[in-house]
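*Asks:* Dock chain B against the given chain A, drawing on the hints supplied.
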Amino acid sequence: MLRWGLFGAAVVAFTGAIIIHQPARAGDEAKLRASAHLYDTYCAQCHGVNRNGKGINTIGLSVQPRDHSDKAGMSSLPIDEMKKAIRDGGASVNKSALMPPWASVLTDEQIDDMAVYLRSVCHCDEQK
Amino acid sequence: MKMQGILASAAAVALVVALARPTTVDAQSGSELESRCAACHTLTKPANASVDRLWERKGPDLWYAGNKFNRAWLVQWLQKPTPIRPGGVLWFKHAKPGEPRDTLDPAAAGQHPAVDAATAAKLADELLTLKADGLVAEGAFKPEGVNLTMGQMSFGKLRGCVACHQDKAGQGGLSGPALIDAGQRLQPDYVLAYMKDPQQFDRYVWMPRVALSDADLQRLTGYVVSLGKENN
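The listed protein sequences correspond, in order, to chains A and B.
The first sequence begins at 1 in the working numbering and counts up one residue at a time.
The second sequence begins at 1001 in the working numbering and counts up one residue at a time.
Keep in mind that the hints are not guaranteed to be accurate.
Far from chain B, by Cβ distances over 12 Å, these chain A residues were calculated [said to hold, decoys possible]:
#	residue
1	ASP28
2	GLU29
3	ALA30
4	LEU32
5	ILE59
6	LYS71
7	GLY73
8	SER76
9	ASP112
10	ALA115
11	ARG119
12	HIS123
13	GLU126
What follows is a list of derived Cβ distance ranges for each label pair [to be verified]:
#	chain 1	residue 1	chain 2	residue 2	range
14	A	SER92	B	ARG1053	25 to 31 Å
15	A	THR107	B	LYS1080	39 to 45 Å
16	B	TRP1055	A	ASP28	22 to 28 Å
17	A	ASP28	B	GLN1079	52 to 58 Å
18	A	GLU109	B	ASP1197	50 to 56 Å
19	A	GLU81	B	THR1149	32 to 38 Å
20	B	LEU1054	A	GLU29	20 to 26 Å
21	A	THR107	B	GLU1056	19 to 25 Å
22	A	GLU29	B	LYS1093	22 to 28 Å
23	A	GLU109	B	LYS1096	29 to 35 Å
24	A	PRO78	B	PRO1081	44 to 50 Å
25	A	SER92	B	GLY1134	29 to 35 Å
Just so you know, the hints here were simulated from the structure itself, not pulled from any lab data.
Note that CB positions come from ideal geometry on N, CA and C, so glycine has one too.
Bound-form chain A, shown alone (with noise of 0.2 Å):
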């Protein structure tokens, strides 16, 4: 009897969980959607529509802006340090001052969820 209310007790947990972790998924893709719109609004002039550092704007680039498709070079850059490089300009990280700051146009919640875009851009949190 005790095991079968084990069982039920488990059985309630799962489904539950799985319930509670939907909307959750769901905001996740929202909010990577909504990133994606910023990306192409702001970023992709320099970053490429593809996301592989090929904008249109790099015939006039001294130096070219980073590939957010690429996995190594991206994920060795901490976080932080791509929430200050957007949040403040290339400068603000020692990087090219061509850069510029998105403080005045995206607000702070919208760096973090761009940081969490662009990690998935670069498949940075997979595994293969």
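*Replies:* For chain B alone, coordinates are given in the frame of chain A:
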């Protein structure tokens, strides 16, 4: 059944009249600007500023055109319009991925309608009445003693304007308006005010605010408004 037909016909006639009416009113009001430009350009400060509005609009905002443009340039350009933004009003819509870099569809900018000389003059006069209260400080730019060489260096790698704007043909980024003839096109005080804080003009526009000192603003403005002038 017959009654229903009569009602449907009456409704159709009413709809046609309702749709036709604004055009008639515009034509009668005599505003060339409203009738010719408002379909693509915002002529009053938008209440619905958003990223999506930037994706949906068909032309650049003109609600501060009176602060922005020089009349002589407007009159000339409206008769013989040439592309200002290489990628059109929103470059992303016309960008294609590629090697060694993404490219723009050559037809991206589209073709702005041309008008005759009299209409151009009338439109220019109307455009110059569109001013943004408090956004552009008259006399903020002080042309005396501006170092153009320093301005050019700031425009380049020091402040990175060149990443998005062309200052000379074939030199500079393509997502922003070309500044090759900015000296003819733009009022210096507007250039300074816009560089100082683009988000005052549009909270969501893809030119971000860069921390620029007063000296930076003066020399950058001096350089930008020197572009396209005969002595440059």
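*Asks:* With reference to the structure, classify each hint as holding or not holding.
*Replies:* Now for the hints, and whether the structure bears them out:
| no. | hint | result |
| --- | --- | --- |
| 1 | ASP28 | holds, 20 Å |
| 2 | GLU29 | holds, 19 Å |
| 3 | ALA30 | holds, 15 Å |
| 4 | LEU32 | holds, 16 Å |
| 5 | ILE59 | violated, 6 Å |
| 6 | LYS71 | holds, 19 Å |
| 7 | GLY73 | holds, 18 Å |
| 8 | SER76 | holds, 24 Å |
| 9 | ASP112 | holds, 17 Å |
| 10 | ALA115 | holds, 17 Å |
| 11 | ARG119 | holds, 22 Å |
| 12 | HIS123 | holds, 18 Å |
| 13 | GLU126 | holds, 23 Å |
| 14 | A:SER92 to B:ARG1053: 25 to 31 Å | holds, 30 Å |
| 15 | A:THR107 to B:LYS1080: 39 to 45 Å | holds, 42 Å |
| 16 | B:TRP1055 to A:ASP28: 22 to 28 Å | holds, 23 Å |
| 17 | A:ASP28 to B:GLN1079: 52 to 58 Å | holds, 53 Å |
| 18 | A:GLU109 to B:ASP1197: 50 to 56 Å | violated, 22 Å |
| 19 | A:GLU81 to B:THR1149: 32 to 38 Å | holds, 34 Å |
| 20 | B:LEU1054 to A:GLU29: 20 to 26 Å | holds, 24 Å |
| 21 | A:THR107 to B:GLU1056: 19 to 25 Å | holds, 21 Å |
| 22 | A:GLU29 to B:LYS1093: 22 to 28 Å | holds, 24 Å |
| 23 | A:GLU109 to B:LYS1096: 29 to 35 Å | holds, 32 Å |
| 24 | A:PRO78 to B:PRO1081: 44 to 50 Å | holds, 48 Å |
| 25 | A:SER92 to B:GLY1134: 29 to 35 Å | holds, 31 Å |
In terms of the numbered hints stated before, the structure departs from hints 5 and 18, listed from lowest to highest.
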